[in-house]
Amino acid sequence: MIKEKIRDGYFHMTDDLSNVNVKDVMVKDVVTVHEDESIEKLFDLFEKYHYNSYPVVDNEAKLVGIIDQDIILEILMFDRSPRTKHTHEAAIRSLSDNAKGIMIHHPITISSDANLHDVADLMLKHRVNRVCVVKDGKLAGIVSKRDIINEVYKIKKV
Amino acid sequence: MEFILHLLLILFFAKVLGEVIERMGFSSILGELLAGIFLGILLISPDNEILSSFADLGAILLLFTAGYKEVNLRQLREASKVAFIPTILGVALPFSLGFLLGQAFGFGFLLSLFLGVAFTPTSISVVVKTLVDYNYLSSRPGSVMLTSAIFDDIIGIFILAVAVTIANFNQFPTNMQLLTIMGNLVAYLIIMGLLGYKVFPILFNYIHKMHVKEAIFTSVIMVALFSAYLAEVFGLHAVIGAFIGGTMLSNVPFAKIEDVQRKVSGLSYGIFVPIFFAFIGISVDIGTVRTAGMFSFMVVALALLGKLVGGLVGSKIIGFDLPDSLIFGIGMMPRAGVELVVLSVGKKAGIITDEVFSAVVLMVAVSILVSPTLLKYAIEFKERSKAQLT
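Protein chains in written order, with numbering that gives the first Met the number 0: chain A, 0 to 157; chain B, 0 to 389.
Treat the hints as calculated values from the structure; they're not laboratory data. Careful, some of the hints might be misleading.
Derived DSS-like pairs (lysine-lysine); straight-line CA-CA distance at most 27 Å [what the hints assert, rightly or not]: (1) K61/A with K155/A; (2) K61/A with K197/B; (3) K212/B with K144/A; (4) K262/B with K84/A; (5) K47/A with K124/A; (6) K61/A with K208/B; (7) K84/A with K14/B.
Derived coverage of chain A by chain B (criterion: at least 3 residues anywhere in the stretch with Cβ under 8 Å from a Cβ of chain B; other residues may be distant) [as the list claims (entries may be wrong)]: (8) 79-85; (9) 91-97; (10) 103-115; (11) 124-135.
From the three backbone atoms N, C-alpha and C, an ideal C-beta is built for every residue, glycine too.
Please take these sequences and the hints and turn them into a complete structure.
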């Protein structure tokens with residue numbers, strides 16, 4: 000019975016989600032990292048906040064990369080990791096002293112005009128928890144799975 | 000059914016022996032080679048065509064994965080100036096020694112050329128662990144080593160491209176033929192560059208919206224196969240194309256999703272690359288190693304000395320002191336992945352004889368075993384000389 004209700008609700012929900020724009024749900028006040036920021040500052044950031052990843056921006060606020068917990072852990076544990084993990088890329092990363100040197104240069108982004116259905120689809124399909132929202136190459140915000148769940152719950156309640 | 004059993008045994012022994020060797024402190028590639036040698040002696044023939052095709056795919060995926068997720072090309076641009084002289088000497092000397100060794104033993108031009116190419120690359124991952132253990136990765140020799148090793152591989156791959164095309168002509172090419180070879184290489188690079196910077200990013204923006212299962216993963220593998228095939232069309236070799244194809248995808252966001260990277264890595268290092276290394280082992284004729292004692296010894300000695308001396312002199316020129324130059328030279332000695340690909344390409348083309356093949360595999364095995372130990376001694380030597388000075 001409950002299952003059926005959810006299922007019925009879902010079909011309407013996908014239409015509702017398509018009508019919601021990602022820019023209305025995203026977090027606009029994002030904690031970002033400048034590309035020249037030192038690694039020490041990054042560790043402080045991970046200690047201070049509890050986000051999984053931080054967008055990296057340049058002087059013009061353009062999104063140039065992303066740093067997540069996996070990268071930080073990989074750097075911290077590099078000397079303990081097995082030889083198979085000692086690739087050129089990983090070694091260079093472990094030697095870098097700023098955000099530019101360790102970030103992922105190819106973050107997945109979504110346009111600020113996209114709808115919630117698009118971003119939810121992207122997250123489920125590719126197992127990503129947060130997606131950077133961009134407008135003209137500049138970071139406009141971040142949307143997470145939690146933001147989408149909250150929005151879906153809000154729509155359902157209405 | 001026999002093929003399934005062979006596949007099962009190869010994967011089992013490659014992983015078990017790889018783990019044992021890794022736990023002993025050496026690269027697991029050695030374990031995978033040993034697994035192949037044992038299975039080659041006991042059970043599996045190198046004439047197995049299906050297995051040979053699987054091994055070809057392994058070589059393609061090995062170089063594709065290196066370009067796709069393991070080499071940081073941005074860093075190469077930045078560090079290339081410092082590493083230029085040590086790289087050139089570290090490539091030129093072993094290449095010349097390999098070529099001259101072939102000539103001294105009366106081999107033809109092509110076989111000597113392939114021997115030179117097989118002496119050229121460097122497998123840095125074999126010694127990174129030692130550098131990390133001694134806190135030397137961030138030292139000057141350590142960071143120049145990282146850049147130089149990747150340049151060695153790239154130069155090795157390009158010399159291989161030229162060597163393969165020369166092999167297609169079956170003689171030393173005329174000036175016109177040389178121009179054709181270079182023209183083909185440039186045309187291939189231009190096409191791949193256009194695809195990488197203009198087409199693939201747009202294409203993957205659509206692919207990620209597809210509903211069929213694993214569309215991105217399949218597309219990434221298709222790019223590997225396409226770039227390999229296109230390279231063959233241009234008279235280059237598939238493995239060269241695979242490496243270039245990998246680098247062209249390395250900055251495409253949807254092709255580099257973590258989940259997809261893991262799957263590509265799983266397919267490569269979980270299945271096909273161990274088969275490739277094991278098949279190299281299977282193809283080793285142990286009898287030839289024994290009969291070609293002097294030649295095998297010369298291959299091992301000259302390949303390792305070439306890198307050591309080339310690296311040592313090159314790093315001295317850019318201002319390293321003797322202990323640092325020694326660390327650099329030894330760090331450039333190990334061979335593993337790319338040189339085995341060169342070997343396999345040469346054997347498939349009918350250029351590399353059983354004798355040369357076995358000797359080069361022996362050289363790879365010795366380099367994996369001795370490089371980390373020698374590097375350890377070189378670092379301790381440097382620490383001692385530093386302590387004496389203070």
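Hint compliance check: list the failing hint numbers for this structure, sorted ascending. Violated: hints 1 and 5.
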